[in-house]
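Visitor: This is what each chain is made of:
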Amino acid sequence: MYTLVNRIATSMETIIREGSPKTPFVRLDGEKGVVEIKGRSIPENSVEFYKPIIDWLEKFGEAPSEETNVNIQLEYFNTSSSKCILDIFKRLELIHKKGHPVEINWYYEEDDEDMFEAGEDYQSIINIPFKMIEMEE
Amino acid sequence: MAFDLKNWYLEKKQGDIILEYNGGITPELISEALESIENSLNMKNEKNRVRKKVYNVFVESLQNLYHHVDLPPSTAPVEQSSNFGIIILSKDGTFYRISTGNFVKKEKLNYIKDRIDQVNSLSDEEVRMLYRDILNNDEFSEKGGGGLGMLDIVRKTGNKLEYYFYQFDDEYIFFSLDVYIS
Numbered sequence: 001m002y003t004l005v006n007r008i009a010t011s012m013e014t015i016i017r018e019g020s021p022k023t024p025f026v027r028l029d030g031e032k033g034v035v036e037i038k039g040r041s042i043p044e045n046s047v048e049f050y051k052p053i054i055d056w057l058e059k060f061g062e063a064p065s066e067e068t069n070v071n072i073q074l075e076y077f078n079t080s081s082s083k084c085i086l087d088i089f090k091r092l093e094l095i096h097k098k099g100h101p102v103e104i105n106w107y108y109e110e111d112d113e114d115m116f117e118a119g120e121d122y123q124s125i126i127n128i129p130f131k132m133i134e135m136e137e
Numbered sequence: 001m002a003f004d005l006k007n008w009y010l011e012k013k014q015g016d017i018i019l020e021y022n023g024g025i026t027p028e029l030i031s032e033a034l035e036s037i038e039n040s041l042n043m044k045n046e047k048n049r050v051r052k053k054v055y056n057v058f059v060e061s062l063q064n065l066y067h068h069v070d071l072p073p074s075t076a077p078v079e080q081s082s083n084f085g086i087i088i089l090s091k092d093g094t095f096y097r098i099s100t101g102n103f104v105k106k107e108k109l110n111y112i113k114d115r116i117d118q119v120n121s122l123s124d125e126e127v128r129m130l131y132r133d134i135l136n137n138d139e140f141s142e143k144g145g146g147g148l149g150m151l152d153i154v155r156k157t158g159n160k161l162e163y164y165f166y167q168f169d170d171e172y173i174f175f176s177l178d179v180y181i182s
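Going line by line, the protein sequences match chains E and V.
Quick note: the first sequence uses the numbering used here, first residue 1, plus one each step.
Quick note: the second sequence uses the numbering used here, first residue 1, plus one each step.
Quick caveat, the hints were computed from the structure, so don't treat them as lab data.
Treat the hints with care, since some could be wrong.
[Unchecked claim] Pulled a few chain V residues facing chain E out of the computed Cβ check, cut under 10 Å: (1) Gly23; (2) Ile30; (3) Glu35; (4) Arg49; (5) Lys52; (6) Lys53; (7) Lys113; (8) Tyr131; (9) Leu135; (10) Gly147; (11) Leu148.
Nothing here was measured: the structure is a model prediction, and the numbers come from that model.
Where a beta carbon is used, it is the ideal one built from N, C-alpha and C, also for glycine.
Excised from the complex, chain V in its bound form:
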């Protein structure tokens, strides 16, 4: 069955939508999006501890996209921006959900999948230890993060990452990631 972006949206837009964006992921967009959620009533009424966690994980998720997104396939029903991504922040019951979506080349699938499976397989203590190991290794990635992003998200949320890969065409996969904060 062909992947339908509309259905994906419907599924992710359950609950109270605090922010929804699709288009080019740029530093300016990240600043604006953060400012916008800071001004939302949901966030203003939230406990300090949770609020900071949401901001932190939200920024990390967007910057993950910023550093990794590709040009979407030309046939995709989306803006042809060189760094196209989707982000939705919603409050669904007692938790916040950050959903991101972006198109990736098929050959990246295994790399992403292995990475997330590995992070998901670790206990809280193992996550903390691995985080410290990577932090302290001297390898400085071009992008500065050195592969800490996903690990940091799992550590801060205490929840596993939920991901789905949808085949879009022969060349592209739609990569969907959900992060829960409670």
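Just chain E, same shape as in the assembly:
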């Protein structure tokens, strides 16, 4: 039993993906409990891009860290990414509901009403503490 738990805990690799002109920087750190997505997200095939992230979260959900901090700092994203981002939040919501607190920090530039409203959209759908953080230009 011990070895099995141990194996799950150590099998949670940290994923770092550098950003590209169409895809965001991603950092998934199971040990520290950090999920970070930054930049722009406009791939034609978002499902393909986000699949490894969803898979990682599913695994992480089996043995989550005590707390999870989620930082979303997107410049802009396409509609096909918007569903994938929701999917990420739904995975995190399950973790939060199981008693492992999750907090989402949603960053937006001070004059960016679109990104602010996008945050509001998710906030209205997802039951996780959601902090809107304004950044100065």
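Based on these hints, arrange chain V on the given structure of chain E.
Guide: Relative to the frame of chain E, chain V by itself:
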């Protein structure tokens, strides 16, 4: 009267042309087109808020084309690319216009028309609510967007979509869409 692509171009090319493209709509083309408008002086001098909106709506428009375009009719005076589309981004006075054009099979006309008419008929608040509804429904379309594209464009621009259907021949329609950002 027969549809004349040249006249269509003339009409859409009013103002300052930032980008014009016709041919196959591919992921590579979309990347290049975005990079090209990012490097344009018009965009560099634009307010952050407007600039981001233009990029966002521009990408959404091109990806809409990418996911939906067909092979053009063999008699059309254009490149016979399996995913042919036209995009023009211009600055006309105080607003940016994104015009797209592509050939569609006649039987798709009603579907497209109904879709746009529906989006155009909604108030800002209704657009926001419908967007949230679709976002949250579990149906994941093959293409990932789940029908949010047009709605997102209207929401971000705050303007109605202007569309025209021109009969090209018995089988094809030329579908023209204008989006304004101010």
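Visitor: Now look at each hint and say whether the structure bears it out.
Guide: The hints, checked one at a time:
{"no.": "1", "hint": "Gly23", "in the structure": "violated (17 Å)"}
{"no.": "2", "hint": "Ile30", "in the structure": "holds (7 Å)"}
{"no.": "3", "hint": "Glu35", "in the structure": "holds (7 Å)"}
{"no.": "4", "hint": "Arg49", "in the structure": "holds (5 Å)"}
{"no.": "5", "hint": "Lys52", "in the structure": "holds (6 Å)"}
{"no.": "6", "hint": "Lys53", "in the structure": "holds (7 Å)"}
{"no.": "7", "hint": "Lys113", "in the structure": "violated (21 Å)"}
{"no.": "8", "hint": "Tyr131", "in the structure": "holds (7 Å)"}
{"no.": "9", "hint": "Leu135", "in the structure": "holds (6 Å)"}
{"no.": "10", "hint": "Gly147", "in the structure": "holds (9 Å)"}
{"no.": "11", "hint": "Leu148", "in the structure": "holds (4 Å)"}
In terms of the numbered hints stated before, the structure departs from hints 1, 7, listed from lowest to highest.
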